[in-house]
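Quick note on numbering: the sequence shown equals residues 11 to 115 in the working numbering.
If you are wondering where the hints come from, they were derived from the structure by calculation, not from laboratory data.
This structure is a prediction, so every number in the text was calculated from the model and none was measured.
A few of these clues could be false.
Said to hold, decoys possible - Computed beta-carbon distance windows for the label pairs: (1) P67 - G45: 12 to 22 Å; (2) A21 - F52: 36 to 46 Å; (3) R107 - F52: 33 to 43 Å; (4) D44 - S66: 13 to 23 Å; (5) I32 - I108: 35 to 45 Å; (6) R15 - T60: 18 to 28 Å; (7) V101 - G36: 24 to 34 Å; (8) R107 - A33: 28 to 38 Å; (9) I18 - D42: 30 to 40 Å; (10) R15 - A106: 13 to 23 Å; (11) R49 - R12: 31 to 41 Å.
In this text, a Cβ means the ideal position worked out from N, Cα and C, and glycines have one as well.
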Amino acid sequence: MRYRRGWIVLAVLAALAPLGIIAAGGAWGEWDIDGVRERAGFAPRGMAETGTAPESPFKDYTVPGLEGGFGRESLAAVITAFLGAGATALVAWGVARIAKHGRIS
11 MRYRRGWIVL AVLAALAPLG IIAAGGAWGE WDIDGVRERA GFAPRGMAET GTAPESPFKD
71 YTVPGLEGGF GRESLAAVIT AFLGAGATAL VAWGVARIAK HGRIS
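Construct the complete structure from the given sequences, taking the supplied hints into account.
What follows is the structure, given as structure tokens:
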């Protein structure tokens, strides 16, 4: 398999996702408009107009039915890590395919 090493690295990183649950403070880049303004010194126009950041499909890395308890939240973090990485990989693959072939087929 051509990408075996990359898949192994991705799996290891996804498995490490639960470490964010025990980390102090919030996740980098997951700020509301006031947090962005405080760190960047300005609020991006889109956020300033709406007052919010885009919503995540898995808010706070939770999966319905897997709330409560470190083990369940850890499993939810791993699941959302794989879903996010998979969605990103799928979009990247699609963009690369369109760029290579110049069309969608």
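So, going through the hints one by one against the coordinates:
1. P67 - G45: 12 to 22 Å: The hinted range 12 to 22 Å holds for P67 and G45, with Cβ atoms some 21 Å apart.
2. A21 - F52: 36 to 46 Å: 38 Å, holds
3. R107 - F52: 33 to 43 Å: 37 Å, holds
4. D44 - S66: 13 to 23 Å: Given range 13 to 23 Å: holds, Cβ gap about 18 Å.
5. I32 - I108: 35 to 45 Å: 41 Å, holds
6. R15 - T60: 18 to 28 Å: With a Cβ separation near 41 Å, R15 and T60 fall outside 18 to 28 Å, so the hint is violated.
7. V101 - G36: 24 to 34 Å: 26 Å, holds
8. R107 - A33: 28 to 38 Å: Cβ of R107 to Cβ of A33: about 37 Å, so the range 28 to 38 Å holds.
9. I18 - D42: 30 to 40 Å: 36 Å, holds
10. R15 - A106: 13 to 23 Å: Holds: the Cβ-Cβ distance is about 19 Å, inside 13 to 23 Å.
11. R49 - R12: 31 to 41 Å: 39 Å, holds
Hint compliance for this structure: hint 6 alone is broken.
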